[in-house]
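Please arrange chain B on chain A, whose structure you already have, making use of the hints.
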Amino acid sequence: MTNTNQIPNSNIGKEVVSPVLSVKDLTVSFRTNDGPVSAVNNMNFEIYPGDTVGVVGESGSGKSQTFLAIMGLLAQNGEATGSAILNIEGKDHELVGMDLNRLNKLRGSKMSMIFQDPMTSLNPYLKISTQMCEVLRLHQGMGKAAAQQKALKFLDLVRIPEAKARLNQYPHELSGGMRQRVMIAMSLLCEPALLIADEPTTALDVTVQAQVLRLLHDLKTDFNTAIVLITHDLGVVAGVCDRVQVMYGGRLAEIARVDDIFYNPQHPYTRGLLESTPRLNADGSSKHADLPTIKGQPPNLQNLPAGCAFAPRCDHATEHCQKEIPTLRYFNENHAKACFAEGFSQSTLLHGAD
Amino acid sequence: MSENKILEVNGLKVWFPTIVNEGLWSKKRWVKAVDGISFHVNEGEVLGVVGESGCGKSTMGMAVLNLLKPTGGKAVWMGKDLFSIKGREMQKARRDLQVIFQDPVASLDPRMTVGQIIAEPLTTHQPELTKDEVQSQVHEVMAKVGLLSDMINRYPHEFSGGQAQRIGIARAIILKPKLIVCDEAVSALDVSIQAQIINLLKQLREEMGLSLIFISHNMSVVHHISDRILVLYLGKVMEIADANALIANPQHPYTKVLISAVPIADPRKFQSNKIIELEGDIPSPVNPPKGCVFSTRCPIVKDKCRKEPPTVETIASEGEAGVRQVACHFYQRVNEVGQ
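Protein chains in written order, with our numbering: chain A, 76 to 429; chain B, 26 to 364.
Keep in mind that the hints are not guaranteed to be accurate.
Unchecked claim - Computed cross-link-like contacts, PhoX-like style, restricted to lysine-lysine with a CA-CA straight-line distance of at most 25 Å:
(1) Lys94(B) with Lys117(B)
(2) Lys295(A) with Lys299(B)
(3) Lys201(B) with Lys227(B)
(4) Lys219(A) with Lys239(A)
(5) Lys202(A) with Lys166(A)
(6) Lys281(B) with Lys332(B)
(7) Lys201(B) with Lys105(B)
(8) Lys370(A) with Lys169(B)
(9) Lys227(B) with Lys370(A)
(10) Lys156(B) with Lys201(B)
(11) Lys295(A) with Lys294(B)
(12) Lys315(B) with Lys294(B)
What the hints assert, rightly or not - Listed next, the stretches of chain A that the computed footprint assigns to chain B, with coverage defined by at least 3 CB atoms under 8 Å from CB atoms of chain B:
(13) 275-282
(14) 286-295
(15) 300-312
(16) 326-337
(17) 345-351
Said to hold, decoys possible - Anything over 10 Å on all C-beta distances counts as not near chain A; from chain B, calculated:
(18) Lys38
(19) His65
(20) Met87
(21) Val101
(22) Ser161
(23) Ile177
(24) Leu229
(25) Gly305
(26) Asn312
(27) Thr339
In case anyone wonders, no lab produced these hints; they're calculated from the structure.
Given the structure is predicted, the values throughout are model-derived calculations rather than measurements.
We treat Cβ as the ideally placed atom computed from N, Cα and C, and that holds for glycine.
Bound-form chain B, shown alone:
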């Protein structure tokens, strides 16, 4: 795979203002949904993003799509500063950056036919095309995602979840984008349909040389589809590594806990797998812990962790594909987690 970075994000921050009541007075505070994260996506690569609800994974996706105004940080998209481009250049970027959402039926306009839904990006961005040219391209992408051409005049409510998600995918790929953000794209689907859509995304990525940012809370699905995985917790990067290496050999205590908590669909392995249980819940992003954000729940927390936030360090692991980054003062002691 070429190591050609198409997207490079540096210190991305997305904060939302909120009002907090403290005693008699209410104060303006910030919900730090995404708080200084850096990563990149290579051309043709699938970057998986995992984390629990509230960790900022969707916010990160929206910021990358330029749908949310970031509070800070930089993003370089194909050599250009994504957060400052305007006008024609922004339009060009919008064509190359597409999105697939979680709820397949809700993300389609109920009053438009399948043909209209899929054609809309094309008629918006390439108004010069004739009706016939649009039609033929619509038929082409419908075939590509496994929709029959006689479905073109039907409405979204006539489709099951899996088929509706295929329509969403057809709409996302018709402009031949370079990067698609898949925000929980298979989470609402039944297992047997989920497998069909995962295979479709993999196949499209091969055929079209697409890059994907695949956001999901489901570690098994993310591992299956991703080349590299980014683990988020409370708006911060915990670990980034090659997908297999991350699962086989997690270096951050949180990654290790997260992997151990995945229920294994195999009774005997389930019994032998030791689930590392965490105390308590995710802290509020309005008032995140000082020091390391994971320090309130970390099984191997030390005094230093409560005072000093760790930086994301690049570490070398022997015989491992790719680069690994970890944000932990004591990653060398990760073996003690769950002991």
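Chain A on its own, in the form it takes in the complex:
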């Protein structure tokens, strides 16, 4: 991969800081009865402190598996190779292949993850306070009273009404939005350097989603936590992310700042994704036209094309694309794509607020 080490921090003008997470040549494959399936191939990227990075892609694009591998949470038949280095206070921790004891010291304290379904990620047998205090007592050796105090403070922080009463409740007594807030509070208790949120609002209603997105937006200013937001919803990305990584067929297709992804997308897949998203145009101008679509179906990971995984669905594909896999190249300091095609002109789709 070319010069991935030179990705600058998206917070231009700030001092150059070292990344909290650097991923190099990360590959994830699964052993199955039908032979090995490679879900993630040669991922290279870096995440900086305080950045919110959106990871977008279709189901099966490898967006969740990449980060499950980083958290050491792959399924039994999965294997990760390559390198993922978590940098905490100048100290590097190689996460790929790390033994469970050391991993458990990092997980929940230096890096944490929240999942789509807030019901199944909480233990139904334990009170909220027991689950929250466990994190603090294990990682920070806090006493019971101090841990309760801090748990209460964090429930207030994620704007849970009557936080004190909630501490003594069980998960089933809370609504979906409330449970997701508890998960967010719990994941932030030890003030981790990296928070991975896998579709955190997908199971929530729009009005509750708006509350949770606002919360994530505010939290990134309160803490200096780097947030990875895995989602299929471009609207969610537009609202809270600084940078976006678009994935397709287990590879990175495009990396750019959020404005560039929306107003100057350079990978044909990104462009197709933006065009095929229905929009709420109050004037109904585009209503009676057909939605632009990406032809065909997503690739089968067991049987990926020899060249670019997107080539069979791409209007710009040439013979070259069918033979060779394009590597991720930076064509300016903030924008990279894995595509042989020449640059596209500014998107005609969106013009920003005009």
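This is chain B only, laid out in the frame that chain A set:
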């Protein structure tokens, strides 16, 4: 478009019994999933139904399909009382009323081939057809929904979500129905595939003169495909209006809040769009608020709203397509929402 009502629903109620523990004794209570809603569907029209989870939109769809026994209310389907017809007439109604479900793979029998799945409605309702006639009709609908004819002997698990949904659509249209209830029909699909299926539904509706009841939680998708939109909250109608008019000029505070909460896939517009945040969560349908069901979360709630439930009123808006109905005492003050 012809204003020919093929379905007219009046005061539909679907209540489910439940046991609630109160102190020492448990009491029988009702979950009022759908509580007195009225609407109609015109011939060839797409009626979008939006609302949050638990608002009763799926229950409403099931009741219209006669798959759930309603607690109260009337539905007139092509001039007949849908909830009392029996036997042969019911069979005829079943042919004209079809459904497409959310999970495309789970709604197909894993032990049947694509050909068998699509042919099943035909062999059930028209047993007099010969094998060849059935086959040719199956091939015809497969072509119509964009499935290749060599897929006919494959099983559902061999298909991706988008293709499986095409099979579900083929099964729904083979009897040439008049109305299809699409219950979150595109919600489980990826964006690029979702667009393909939306276009397919639009195209089929034009070709076959279908009416659709399009149920979804996704406001952008509903707006794109619908002629009119019905907004539900806690089993009650909040607002019904022409799709464009509803988005451009919502008259019910809840509609306004719902529209503002839709995340816009455009960073600069997202920043300038003011999201109106609601306090709290949807109340329990076992114990809905007295008065207006939205009163516990409404940003412009007044005393009257907490005491007296509003009726669904037809209001006139100048220069607007269609009729608009709103259930709010203070819809004239909707501008104050989010101020």
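Now the hints, each set against the structure:
1. Between lysine 94(B) and lysine 117(B) the CA atoms are separated by roughly 18 Å; this keeps the pair inside 25 Å, and the hint holds.
2. With a C-alpha separation of about 20 Å, the suggested pair lysine 295(A) and lysine 299(B) falls inside the 25 Å cut-off, and the hint holds.
3. Proximity of lysine 201(B) to lysine 227(B) is assessed by CA-CA distance (about 15 Å); at most 25 Å being required, the pair is judged to hold.
4. Distance restraint check for lysine 219(A) and lysine 239(A): the Cα-Cα separation of roughly 15 Å lies within the 25 Å cut-off, and the hinted pair is therefore satisfied.
5. A C-alpha spacing of about 36 Å is found between lysine 202(A) and lysine 166(A), which places the hinted pair above 25 Å, so the restraint is violated.
6. Using a Cα cut-off of 25 Å, the hinted pair lysine 281(B) and lysine 332(B) holds, with the two alpha carbons roughly 23 Å apart.
7. Simply put, lysine 201(B) and lysine 105(B) have alpha-carbon atoms about 19 Å apart, close enough for the 25 Å limit, and the pair holds.
8. Distance restraint check for lysine 370(A) and lysine 169(B): the Cα-Cα separation of roughly 16 Å lies within the 25 Å cut-off, and the hinted pair is therefore satisfied.
9. Restraint check for lysine 227(B) and lysine 370(A): satisfied, since their Cα atoms lie roughly 17 Å apart, inside the 25 Å limit.
10. In summary, the hint linking lysine 156(B) to lysine 201(B) is supported, as the alpha carbons are separated by about 19 Å, within the 25 Å threshold.
11. Under the criterion of a C-alpha separation no larger than 25 Å, the hint pairing lysine 295(A) with lysine 294(B) is consistent with the structure, at around 21 Å.
12. Of the supplied pair hints, the one linking lysine 315(B) and lysine 294(B) is violated, its CA atoms being roughly 38 Å apart against a limit of 25 Å.
13. With 3 residues carrying a beta carbon less than 8 Å from a beta carbon of chain B, the region 275-282 of chain A meets the three-residue requirement, and the given coverage holds.
14. Against chain B, the region 286-295 of chain A contributes 3 residues with a C-beta closer than 8 Å to a partner C-beta. That satisfies the three-residue criterion, and the hint holds.
15. Counting residues of the region 300-312 of chain A whose CB lies closer than 8 Å to any CB of chain B gives 6, so the stated coverage by that chain holds, three being the minimum.
16. Check result for the region 326-337 of chain A against chain B: holds, 3 residues qualifying (beta carbon to beta carbon below 8 Å, three or more required).
17. Interface restraint, the region 345-351 of chain A with chain B: holds (4 residues with C-beta to C-beta distance below 8 Å; minimum three).
18. For lysine 38(B), the shortest C-beta to C-beta distance to chain A comes to about 23 Å, beyond the 10 Å cut-off, and the non-interface label holds.
19. Histidine 65(B), annotated as away from the interface, keeps every beta carbon of chain A farther than 10 Å; the closest lies near 22 Å.
20. For methionine 87(B), the non-interface assignment is confirmed: its Cβ lies about 20 Å from the closest Cβ of chain A, beyond the 10 Å cut-off.
21. The claim that valine 101(B) lies off the interface holds: its Cβ sits roughly 30 Å from the closest Cβ of chain A, which is beyond the 10 Å cut-off.
22. Annotated as non-interface, serine 161(B) keeps its C-beta farther than 10 Å from every C-beta of chain A; the closest such distance is 27 Å.
23. Listed as outside the interface, isoleucine 177(B) is consistent with that label: its C-beta sits roughly 18 Å from the nearest C-beta of chain A, beyond the 10 Å cut-off.
24. The Cβ of leucine 229(B) sits about 13 Å from the closest Cβ of chain A, beyond the 10 Å cut-off, so the non-interface label holds.
25. Annotated as non-interface, glycine 305(B) brings its C-beta within 10 Å of a C-beta of chain A; the closest such distance is 7 Å.
26. No Cβ of chain A approaches the Cβ of asparagine 312(B) within 10 Å, the least distance being about 15 Å, so the stated non-interface status holds.
27. With 10 Å as the threshold on Cβ separation, the claim that threonine 339(B) sits away from chain A holds: the shortest Cβ distance comes to roughly 22 Å.
Going down the numbered hints, you'll see the structure goes against 5, 12, 25, while the others check out.
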